[in-house]
Amino acid sequence: NAGVTQTPKFQVLKTGQSMTLQCAQDMNHEYMSWYRQDPGMGLRLIHYSVGAGITDQGEVPNGYNVSRSTTEDFPLRLLSAAPSQTSVYFCASSTGQGAYEQYFGPGTRLTVT
Amino acid sequence: GNSVTQMEGPVTLSEEAFLTINCTYTATGYPSLFWYVQYPGEGLQLLLKATKADDKGSNKGFEATYRKETTSFHLEKGSVQVSDSAVYFCALILSYGNNRLAFGKGNQVVVIP
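Residue numbers (my numbering), protein chains in the order written: chain A, 1 to 113; chain B, 1 to 113.
These are calculated hints, taken from the structure and not from any lab test.
C-beta atoms are modelled at their ideal positions from N, C-alpha and C, and glycine is treated no differently.
Mixed in with the good hints, there may be bad ones.
[Stated by the list, open to error] One-sided excerpt, in silico: chain B residues whose CB lies under 8 Å from chain A: (1) P40; (2) E42; (3) L44; (4) L46; (5) R67; (6) F89; (7) N98; (8) N99; (9) F103; (10) K105; (11) G106.
[To be verified] Far from chain A by the CB rule (all over 12 Å, computed), these chain B residues: (12) S14; (13) Q38; (14) V82.
Whole structure, please, built from the sequences with the hints as guidance.
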């Protein structure tokens, strides 16, 4: 199993550009999430999904869109990039409800100039 | 709302020293608590967890006890190795229905040979 994969690993965008961060998992997990990691801030939840066709906002959703058309994929779209979105983005997945382990991808480092 | 607080600042120590990283929580009831570890250039991975008060989680020589009297979940290891150099995050489950987690800000641990 590949686990949770994310592409690209690195990306540089200009202000106003749009892009999609890809996330896929091959563990048949129902739950998937997107976090951003900033120095001194820990991880903050952007959006999450409890199954195909179901998404909801997390702590910092503004400027981001998600969709979940399949169990495997959970892309994160930046509609109009801003320098404040410079961060490291992590996708995570887990199985079922309860205190289950979340499996994290290797991250995407995004810089917006 | 429910949250976790980690001690401020990085931790630098010598190989074979004793490691403690403090984590305190604010919560209604007794939600499950976790420690995640992030090695350089990687995503987070679960280190250990405790699902109810007075539980002890342990893994790879690390331990943490869920103490409701002091609302704490401190991480300890008796003899650290250089390979333990990483960032450590304390986390608390916000909702069992969707596996949402709240993370602390993280502590960088550097072990010197």
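Please flag the earlier hints that this structure goes against, numbers listed from lowest up.
1, 5 and 13
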